[in-house]
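Peer 1: Residues per chain are reported as follows:
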Amino acid sequence: GAVVSQHPSWVICKSGTSVKIECRSLDFQATTMFWYRQFPKQSLMLMATSNEGSKATYEQGVEKDKFLINHASLTLSTLTVTSAHPEDSSFYICSAIPRTGAGNTIYFGEGSWLTVV
Amino acid sequence: KQEVTQIPAALSVPEGENLVLNCSFTDSAIYNLQWFRQDPGKGLTSLLLIQSSQREQTSGRLNASLDKSSGRSTLYIAASQPGDSATYLCAVRLGQAGTALIFGKGTTLSVSS
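The listed protein sequences derive, respectively, from chains E and F. If you read the first sequence in our numbering, its first letter stands for residue 1, the second for the next number, and so on. If you read the second sequence in our numbering, its first letter stands for residue 1, the second for the next number, and so on.
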């Protein structure tokens, strides 16, 4: 089946630094990718929709200058958490919809744990 | 704005019991509904996908139903096993293909042996 890979799986960074998380569709092209954030014991909250070649669409309350999303190719979207703070510590997970097909299927990455110390 | 609610938030049952997890959504104009399983600290495993035109889907011991008009879905797990212990998430896709999934908060299931 289709695979979406996230890297890194976990990362620890110092407060004030930036960290980049990659989301790759390994065997399909994805015009649309989504980024979610999940705090402990909470559900997945949609952060933004990333479309290849255009600016991401952010959900209400998500700071676009803090969470930079780049979808430069049909197989790669990146999320950069800028000037990270401890409250940004969370589980970040991406998903992708194949370019071909009816758009029914959505594939999820394994997620990335971010801890800001 | 679409909201997805799951009841109960947590459930503990002995091995072998049949159980039902509930999901409700506020806007019936969904494209499809999907049930996922999430193990602690892990990503998502898709269990069942129900298109808006369908009433139910089955996979092994799992059966998911959808009543779009009332904004409800149930996930039925037959003959529960300790390996079923996980958090079960319900998610709806809004009115068209290509849109994001909106998730409920999940039901954390614990099956004791």
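In case anyone wonders, no lab produced these hints; they're calculated from the structure. None of these values were measured; they are calculated from a predicted model. Treat the hints with care, as some may be off.
[To be verified] For lysine to any residue, the following SDA-like pairs were computed, each having C-alpha atoms within a straight-line distance of at most 25 Å:
1) E:K64 - F:S24
2) E:K14 - E:K66
3) F:K68 - F:L49
4) F:K42 - E:S5
5) F:K42 - E:E110
6) E:K20 - E:S89
7) F:K1 - F:S70
8) F:K105 - E:K14
9) F:K42 - E:K55
10) F:K105 - F:S65
11) F:K42 - E:T75
12) E:K64 - E:S54
13) F:K1 - E:P8
14) E:K55 - E:K41
15) F:K68 - F:K42
16) F:K1 - F:L94
17) F:K42 - F:S70
18) E:K14 - E:T75
19) F:K1 - E:Q60
20) E:K41 - F:S52
21) F:K105 - E:S83
22) F:K42 - E:S54
23) E:K41 - E:P8
24) F:K68 - E:K14
25) E:K41 - F:S69
[Claimed, not checked] One-sided and incomplete, this derived list gives chain F residues near chain E with beta-carbon spacing under 8 Å:
26) P40
27) L44
28) L47
29) A86
30) L89
31) A100
32) I102
33) K105
C-beta: ideal position from N, C-alpha, C; glycine also.
Peer 1: Next step is simple, just say for each hint if it's right about the structure.
Peer 2: Each hint tested on the structure:
1. E:K64 - F:S24: At roughly 31 Å apart (the allowed maximum being 25 Å), F:S24 and E:K64 break the hint.
2. E:K14 - E:K66: Holds, because 16 Å separates the two Cα atoms, which is no more than 25 Å.
3. F:K68 - F:L49: Given that 25 Å is the threshold and the Cα spacing comes to 14 Å, the pair holds.
4. F:K42 - E:S5: The hint holds at about 13 Å.
5. F:K42 - E:E110: Holds, at about 7 Å.
6. E:K20 - E:S89: holds (13 Å)
7. F:K1 - F:S70: Judged against 25 Å, a Cα distance of about 17 Å means the pair holds.
8. F:K105 - E:K14: Judged against 25 Å, a Cα distance of about 30 Å means the pair is violated.
9. F:K42 - E:K55: Given that 25 Å is the threshold and the Cα spacing comes to 29 Å, the pair is violated.
10. F:K105 - F:S65: Distance of about 19 Å is within 25 Å: holds.
11. F:K42 - E:T75: Between F:K42 and E:T75 the Cα gap is close to 22 Å, so the pair holds against 25 Å.
12. E:K64 - E:S54: At roughly 14 Å apart (the allowed maximum being 25 Å), E:S54 and E:K64 satisfy the hint.
13. F:K1 - E:P8: violated (33 Å)
14. E:K55 - E:K41: violated (31 Å)
15. F:K68 - F:K42: violated (30 Å)
16. F:K1 - F:L94: Distance of about 10 Å is within 25 Å: holds.
17. F:K42 - F:S70: violated (32 Å)
18. E:K14 - E:T75: violated (29 Å)
19. F:K1 - E:Q60: holds (11 Å)
20. E:K41 - F:S52: violated (29 Å)
21. F:K105 - E:S83: The hint is violated at about 28 Å.
22. F:K42 - E:S54: violated (30 Å)
23. E:K41 - E:P8: holds (22 Å)
24. F:K68 - E:K14: Violated, because 47 Å separates the two Cα atoms, which is more than 25 Å.
25. E:K41 - F:S69: Violated, at roughly 30 Å.
26. P40: Hint on F:P40: violated, closest Cβ of chain E at ~10 Å, above 8 Å.
27. L44: Holds, because the Cβ-Cβ distance from F:L44 to chain E comes to roughly 5 Å (cut-off 8 Å).
28. L47: Where the cut-off is 8 Å and the nearest Cβ of chain E is about 12 Å from F:L47, the hint is violated.
29. A86: violated (14 Å)
30. L89: holds (7 Å)
31. A100: With a closest approach of 5 Å, the F:A100 hint holds.
32. I102: Because about 7 Å separates F:I102 from the closest Cβ in chain E, which is inside the 8 Å limit, the hint holds.
33. K105: holds (4 Å)
In the structure shown, a violation is registered for the earlier hints numbered 1, 8, 9, 13, 14, 15, 17, 18, 20, 21, 22, 24, 25, 26, 28 and 29, in ascending order.
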